[in-house]
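Visitor: Generate coordinates for the entire structure from the input sequences, incorporating the hints supplied.
These protein sequence lines are chains W and L, in that order.
So for the first sequence, the working numbering puts the first residue at 1; every next one is plus one.
So for the second sequence, the working numbering puts the first residue at 384; every next one is plus one.
Rather than coming from a laboratory, the hints here were simulated on the basis of the structure.
Warning: the hint list may mix true and false statements.
Residues from chain L shown here face chain W by an in silico Cβ test under 7 Å; the list is partial [stated by the list, open to error]: (1) Asp495; (2) Asp504; (3) Lys516; (4) Val537; (5) His662.
Keep in mind it's a predicted model, so treat the numbers as computed, not measured.
Glycine included, C-beta positions come from ideal geometry on N, C-alpha and C.
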Amino acid sequence: MSSDAATGPDARAQALVASYARAGYVRTEPPVLQPAEPFLDLSGEDIRRRMFLTADPEGRELCLRPDLTIPVSRDYLASPLAGKPAGFCYLGTVFRHREGLSSEFVQAGIESFGRADKAAADAEMLALGLEATTQYGVSAPEIRIGDVGLFSAFIAALDLAPVWRRRLIKDFNRKSSLKHDLDQLTLASANGSKEYQGVLAALAGSDPKGAHALVTDLLSIAGIATVGGRSVAEIADRFLEQSALNAPTRLPRETRALIERFLSVAGDPDEAAGELRTLASDARIDLAGALDLFETRTGFLAARGVDVRAIKFATDFGRGFDYYTGFVFELDNAANNSARANNALVAGGRYDGLLTRLGAREPIPAVGFAAAIGELAACGGAS
Amino acid sequence: MSAPLILAVPSKGRLQDNAESFFARAGLDLIKPRGARDYRGTIGGLDGIEVAYLSAAEITAQLAQGAAHLGITGEDLVREMIPHSDRRVVLIDGLSFGFANVVVAVPHAWIDVRNMADLDDVATAFRLRNHRKMRLATKYANLTFGFFAEHGVVDYRIVESSGATEGAPAAGTAEMIVDITTTGATLAANGLKVIDDGVILRSQANLVAARNAAWTDAQRETAKLLLDRIAARKRAEAFREVRTRFAGLNDRLLGIAREKFGVESPFGPPTSSGMLTLHCPPDKVHALASFLREQGAEAVSVVALDYVYARDNSLYAKLAAELDKPAAPQSGR
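Guide: Quick look at the structure:
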């Protein structure tokens, strides 16, 4: 290798991934051409407009891989290792339309599957991500972290109707929707006006079987044939939920204030954990499991030499992707993070639900990250 | 001769018939010199125009690229097919035909789903229950995405559908659809209903101009003549001419008529002998005639107008203003 190549960005990326391989992560190279379905299903429709789609002669939708997490996950599931602990690293091109930027760009990263010691695995990912910034001479990058699992645990612990729980968790990654939801949450129970009062009143206190019978009769009286999709049971269950919603047992303004208090917690992880324990005890809710995991992880980060006091944690930090279920993080050059919103130098997180969605029979813990090689080369100095 | 102005006109079906009669009413006869199957034509008596007969989708694509200067196509296609459409094309005017709504429709049996908020909740519940997202069949993937994003709905998958979208739920290939409808009858026949606030776009045929076409001075001049005739016809169709004469007809009565009936007096106030010509919206003509007789008119005549040429050419003014704006970035996608 010439000394020129050894100092170029490509050589630095190769060196980075070689070090990941030495740490035990198997180098993998999934095909560039991938079935489009899993990306659309898991990342949501907004990725469709940024993907490069094509079709094979039989009409199956294919795409140029828009990321490597899903391809690596699929290859792992199809391998004999599926379900067992295994880690992979990669360096490759991904294809995503980016306004004003090249749509073909290089990512290096790691995906770690099947490790039960989640807190340690989370901390290891962040530490390995820091190797990427170091490799490119970005010293002391800003570290932003969040924990989607804390929000889920918090919402689960609140006295909320299922419909609100679903909505709040779904909207966690969409800040304007979340604010709208909170407004609705307060309004909906303030005036209590609901459509279909008659049906809801008739259903109040009935069991799923009775509700099912009522909905079946309603459809039959109206002469409506059921076509595809949702079953009568699903419709009946939803009416039941709504009739329960009418029960005036909740204190929505207090609930809203509590959610807002939770979402405003930010700071270094130790401080934040303390605040959240206070919040939990004030509100008499149990967040112990999620907070223990959080604090254990912080401990592992410190043990790996990460300056924990410099980490910026926020409860409302979610990275905008629905498949994250726990720890999320971004590493960025403190100087220009605002210019590249949502395009951090290194970003990743825990996605324990993803492999089940891809067809795994048992849940498989998973955590990983990707480093944006082009951005790193542009931000960092020459090596 | 310099390069002609390209006018793209629908080549098939009801849209073609409507477009041709629209031009004919404006005194613009589309001529196919080499017979009915020709896909290039001209306009009788108006030089410098080449008429290109294309499908509505092709017209939309050509306008987006600037390969045609002007064209007739549905707003639904413009919004769906052209990313950042306002940067690429100008919707000069709605033409009052080709009406169709792009709507969200779900099975009738979903009696618990009335509005988008319900659909949002149902979609998320469906994913949690079935470990997959609800499927939505449509040819309007972009319009759907934008509308659903506005309503915060994320738990759905678009299944591209090229024909008979309304049959998808019954066929089991999708749970819901986004499609165009005029009366809703086809949807109802397929066991579907439109969601209360689920109208994504009220579309009609539009006269559309391409920002990125090469607009030479000669082509602009031609567009001005063309749009002048269209504007004259548009104005003529918006009014009836009402004439009367009686001694008591003065400025005060004209003021009342303006206020009550929305009339205009294109040739000025009543003469000293009380002679007046008014332009009145068609639906107010009879009330105006009654009013004028109550005030003393012996007779009031009403005639339909063929053309009303005004000093300002409002349609061309709109086009010129848009074309003179600073150039839009070329990369839209």
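Visitor: Quick one, is the Asp504 (chain L) hint okay against chain W at 7 Å, beta carbons?
Guide: Hint holds; Asp504 (chain L) Cβ to chain W Cβ min 6 Å, cut 7 Å.
Visitor: Against chain W, is Val537 (chain L) within 7 Å by beta-carbon distance?
Guide: Nearest chain W Cβ about 5 Å off; hint holds.
Visitor: With 7 Å as the cut and Cβ atoms as the points, is Lys516 (chain L) at the interface with chain W?
Guide: holds (6 Å)
Visitor: When the nearest CB of chain W is found for His662 (chain L), is that gap smaller than 7 Å?
Guide: At 47 Å from the nearest chain W Cβ, His662 (chain L) fails the 7 Å test, so the hint is violated.
Visitor: So, as I understand it, the hint says Asp495 (chain L) touches chain W; can you test that by seeing if any CB pair is closer than 7 Å?
Guide: holds (5 Å)
The structure shown violates just one earlier hint, number 5.
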